[in-house]
Amino acid sequence: MDSGRWREKGVTHWNLLRRDWGRNDRERFDNERRAADRHRPSHGVARSPHEVADWLIEEALRAAGESHEAAEMLRSDGVDTEEGVALKREVLFWSAMHGRDVFSMMGLSSARIADLSAYAMTD
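Mind the numbering: the sequence shown is residues 183 to 305 in the numbering used here, read in order.
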């Protein structure tokens with residue numbers, strides 16, 4: 183149930199971004215780059231906490247389909263069952279509902295990771 187708390191915090195939408203990085207790439211920790219990325223959605227925008235959670239789950243499942251390591255990560259987190267996916271979606275939803283940025287990282291291989299970000303935006 184959406185309580186609308188995110189609207190009370192002035193959030194109008196979330197910018198959605200997926201970046202694939204080398205595990206040792208130091209640029210992914212650059213705060214100036216992250217600040218700029220907030221305003222450059224590569225995967226569109228979400229207009230509600232439900233859309234944030236759905237997009238993050240879809241991208242995680244897409245990564246699992248592309249990578250054995252990502253599939254193993256989801257399995258070890260219990261997100262390989264309907265109940266596990268529902269629980270993960272609920273956690274992501276509640277984070278977004280409180281007007282927060284929401285992030286998820288997935289190992290794609292021993293050398294690559296996917297950084298999934300939903301940046302809460304105020305106008």
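There's no promise every hint is true.
[To be verified] Taking CB as the label site, the calculated pair distances span:
#1 Arg244 with Glu209: 22 to 30 Å
#2 His225 with Asp305: 15 to 23 Å
#3 Val227 with Asp202: 32 to 40 Å
#4 Gly192 with His250: 20 to 28 Å
#5 Lys191 with Asp262: 29 to 37 Å
#6 His232 with Thr263: 16 to 24 Å
#7 Ala293 with Asp259: 17 to 25 Å
Quick caveat, the hints were computed from the structure, so don't treat them as lab data. Owing to the predicted nature of the structure, the values given are computational and were not obtained by experimental measurement. Glycine is no exception: its CB is placed at the ideal position from the N, C-alpha and C atoms.
>> When the structure is checked against the list of hints, which entries are broken? Sort them ascending.
In response: 3 and 4
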